[in-house]
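Top line first, the protein sequences correspond to chains A and B. For the first sequence, the residue numbers in numbering that gives the first Met the number 0 are 0 to 319. For the second sequence, the residue numbers in numbering that gives the first Met the number 0 are 0 to 333.
The reader is advised that the hints may include incorrect statements.
Said to hold, decoys possible - Here are the simulated DSSO-like cross-link-like pairs (lysine-lysine), alpha carbons at most 30 Å apart as the crow flies: (1) Lys190/A - Lys249/A; (2) Lys106/B - Lys250/B; (3) Lys270/B - Lys184/B; (4) Lys246/A - Lys106/B; (5) Lys190/A - Lys132/A; (6) Lys106/B - Lys249/A; (7) Lys250/B - Lys270/B; (8) Lys242/A - Lys184/B; (9) Lys106/B - Lys270/B.
Everything labelled a hint here was simulated from the structure, so no lab data went into it.
Here are the chains, one letter per residue:
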Amino acid sequence: MDLIGNAAAARQALVTMWTIRRFEEAVDDLFARGLMHGTMHLSIGQEAVPVGACLALSDGDYITSTHRGHGHCIAKGARLADMMAELLAKETGYCRGRGGSMHIADVATGNLGANGIVAGGVPIAAGAGLAVKMRGGSEVVVSFFGDGAVNEGAWHEGVNLAAIWDLPVVFVCENNHYGMSMSVSRAFRVKQLSERAAAYGIPGVTVDGNDPQAVHDAVTDAVARARAGEGPTLIEATTYRWKGHSKSDKNLYRTREEIEQWRERDPIARFEQRVAATLEDQEIQSCRDEARDAVRAAVRAAHAAPDASADSLTEAVYAR
Amino acid sequence: MTAVVEQTRTLTYAEAVREALAQAMTADERVFLLGEDVGTYGGAFGVTGDLVHRFGDERIRDTPISELGIVGAAVGAALAGMRPVVEIQFSDFTAQAMDQIVNQAAKIHFMLGGAATVPMVLRAPAGSGTGAAAQHSQSLEAWFAHVPGLKVVMPATPADAKALLLAAIADPNPVIVLEHKLLYKQSGPVPEAATPARLGEAAVRRRGTDLTIVATGVMVPRSLEAADELAADGIEASVVDPRSLKPLDGKSIVDDVTRTGRALLVQEAPKTAGFMAEIAATIGESPAFGHLRAPISRLCGLDVPIPYAPQLERAAVPQVADIVRAATDLVRRW
Ligand SMILES: Cc1ncc(C[n+]2csc(CCOP(=O)(O)OP(=O)(O)O)c2C)c(N)n1
Numbered sequence: 000m001d002l003i004g005n006a007a008a009a010r011q012a013l014v015t016m017w018t019i020r021r022f023e024e025a026v027d028d029l030f031a032r033g034l035m036h037g038t039m040h041l042s043i044g045q046e047a048v049p050v051g052a053c054l055a056l057s058d059g060d061y062i063t064s065t066h067r068g069h070g071h072c073i074a075k076g077a078r079l080a081d082m083m084a085e086l087l088a089k090e091t092g093y094c095r096g097r098g099g100s101m102h103i104a105d106v107a108t109g110n111l112g113a114n115g116i117v118a119g120g121v122p123i124a125a126g127a128g129l130a131v132k133m134r135g136g137s138e139v140v141v142s143f144f145g146d147g148a149v150n151e152g153a154w155h156e157g158v159n160l161a162a163i164w165d166l167p168v169v170f171v172c173e174n175n176h177y178g179m180s181m182s183v184s185r186a187f188r189v190k191q192l193s194e195r196a197a198a199y200g201i202p203g204v205t206v207d208g209n210d211p212q213a214v215h216d217a218v219t220d221a222v223a224r225a226r227a228g229e230g231p232t233l234i235e236a237t238t239y240r241w242k243g244h245s246k247s248d249k250n251l252y253r254t255r256e257e258i259e260q261w262r263e264r265d266p267i268a269r270f271e272q273r274v275a276a277t278l279e280d281q282e283i284q285s286c287r288d289e290a291r292d293a294v295r296a297a298v299r300a301a302h303a304a305p306d307a308s309a310d311s312l313t314e315a316v317y318a319r
Numbered sequence: 000m001t002a003v004v005e006q007t008r009t010l011t012y013a014e015a016v017r018e019a020l021a022q023a024m025t026a027d028e029r030v031f032l033l034g035e036d037v038g039t040y041g042g043a044f045g046v047t048g049d050l051v052h053r054f055g056d057e058r059i060r061d062t063p064i065s066e067l068g069i070v071g072a073a074v075g076a077a078l079a080g081m082r083p084v085v086e087i088q089f090s091d092f093t094a095q096a097m098d099q100i101v102n103q104a105a106k107i108h109f110m111l112g113g114a115a116t117v118p119m120v121l122r123a124p125a126g127s128g129t130g131a132a133a134q135h136s137q138s139l140e141a142w143f144a145h146v147p148g149l150k151v152v153m154p155a156t157p158a159d160a161k162a163l164l165l166a167a168i169a170d171p172n173p174v175i176v177l178e179h180k181l182l183y184k185q186s187g188p189v190p191e192a193a194t195p196a197r198l199g200e201a202a203v204r205r206r207g208t209d210l211t212i213v214a215t216g217v218m219v220p221r222s223l224e225a226a227d228e229l230a231a232d233g234i235e236a237s238v239v240d241p242r243s244l245k246p247l248d249g250k251s252i253v254d255d256v257t258r259t260g261r262a263l264l265v266q267e268a269p270k271t272a273g274f275m276a277e278i279a280a281t282i283g284e285s286p287a288f289g290h291l292r293a294p295i296s297r298l299c300g301l302d303v304p305i306p307y308a309p310q311l312e313r314a315a316v317p318q319v320a321d322i323v324r325a326a327t328d329l330v331r332r333w
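Produce the entire structure from the sequences given, and follow the hints as far as they go.
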């Protein structure tokens, strides 16, 4: 799909990127005002990856997500009010207050869950792909993870299983250059993380993760391969997180200049420039407004919802 | 008896851990740290702080995110003569490393007929209370205590955080140190000297006549707070902190229960198959049984994963008011 030249696609990509940005800014603000608890991992600066990737998926397709998973959840079509309600510990939240940010999921839209365990979703994605294959279905699974996950044992085992069984899985590495404080240059001896694909006998590509079109094209190709029964692909999308790792990060491991350089490559601002020939200024402004209004409405609705209740705490431990 | 005057200062629990690490590293060049973000970042909870500037990045070694590899590397380094101290960012992530902890570290000394030792330490923040939800909030001490070959300690005060860690580092066995993340910012007196605790020695933190509260981790300060409230209500509680779950100082617990005749066992971990079941059995199998005026009572976390929402999280584990209620009930009913 042409996200630049096709007005409807461009609009959708832009609105979704702005929605993720505004949602996370709202979360940041609620946190700062003491209205939100726990910790939060924001993906501000990385919006092009989930948006480009999820636009290559159909409704029945699955994703697995990470601790930095708000963007994936939104891009896959989750309701903002229910996400916000979850973060505000409300009964109407997606996990009824049990999961919070790190476990946000909307199973109805195929989001099998964010994950507090680095690489925890990778073998799960392989398993979902296995289920699809065993059922003879045509769905695919996109597994999102960070660069840090690529060194976990679970990552290697999950990717290998998907590879040897030709499972319909697309592994999308959001290489934002740091696993907490550890830079990729210290954590890897390969230049590009997509090189790891070779060890599993699957294709690996590296794309500009701040360009939704580049991500979209790579994922579209990988999805086609997966649907055709040709097995998994590893896509490395290079990007950057503007904010700290979580709420406790003092940013001692990187320089202000580096952060500035990446902010200049803001995926949203760049995309707006590129679609200037397709969308009028007024149209672009309406995309921004739409995202802002949607997030504001979600915060309002979430605030008005009842708090999650401890009375039913033991209910969901076992399925009945 | 000669009174030894110990120089103490007020440190936070996190600072006490850091001081123990620094003193152990200064005293013994075989001691080194490895873990995720322990260097420049200073540790996920700030525990390692500036150690990388004092000891360099060879000895304060940042690792990629690979818990199994980290613990395995520590096992190997320990076998080859070093004294590694591993930090796992949240105790929950020991699950990634469980094979190296359980099947390697814990068993090698035995399997080799005593021919080799694995003198390593694994430190990890445990427990709930930070809104970090189910995969970052567990109390897994019973997992480790169940495995022969491992030692397990749970410091509840800054002084113990230092003394128990020093003991763990000096010990020729793999020792799991479960630090409670809610305690890191608590402060208290800590001796300057690098004096290790003796593993397997409980601390009687308060002596009462009406019941014995046995508590671990963050339940120790909560039980002490509860004991103050109980005292205001005319109930005098002992508070015994085992400190070291394995080896366990059953005698101190049994002696105190023998005196008071009542035992309330408080843990944050879920009740079923938790460590307090072990303490209950220890009391039940001992002569203290004959002195019991009431059934042994357990106050534990619910058998649920830890939820995110603060109001749910509080409901999932014992709070001070719950301890007061359970203790009052035990004393008034029996
Ligand atoms: C198994 C495990 N180890 C450590 C952590 C702590 N932790 C959470 S996120 C993170 C960094 C992850 O880096 P990366 O995978 O690159 O994702 P990013 O945060 O950059 O999006 C770490 C170390 C964890 N959650 N799970």
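Now for the hints, and whether the structure bears them out:
1. For the hint pairing Lys190/A with Lys249/A, the CA-to-CA distance comes to about 27 Å; that is within 30 Å, so the pair holds.
2. About 27 Å separates the Cα atoms of Lys106/B and Lys250/B, which keeps this hinted pair within 30 Å; it holds.
3. Between Lys270/B and Lys184/B, the direct Cα distance comes to roughly 27 Å. Compliance with the 30 Å bound is thereby established for this hinted pair.
4. For the proposed pair Lys246/A and Lys106/B, the alpha carbon gap of about 39 Å is over 30 Å, so the pair is violated.
5. A C-alpha spacing of about 33 Å is found between Lys190/A and Lys132/A, which places the hinted pair above 30 Å, so the restraint is violated.
6. Of the pairs offered as hints, the one joining Lys106/B and Lys249/A is violated, with about 40 Å between alpha carbons and a cut-off of 30 Å exceeded.
7. At most 30 Å may separate the alpha-carbon atoms for a hinted pair to count; Lys250/B and Lys270/B meet this at roughly 23 Å.
8. Among the hinted pairs, Lys242/A with Lys184/B is consistent with the structure: their alpha-carbon atoms are about 25 Å apart, no more than 30 Å.
9. Distance restraint check for Lys106/B and Lys270/B: the Cα-Cα separation of roughly 28 Å lies within the 30 Å cut-off, and the hinted pair is therefore satisfied.
Violated hints for the displayed structure, listed by number in ascending order: 4, 5, 6.
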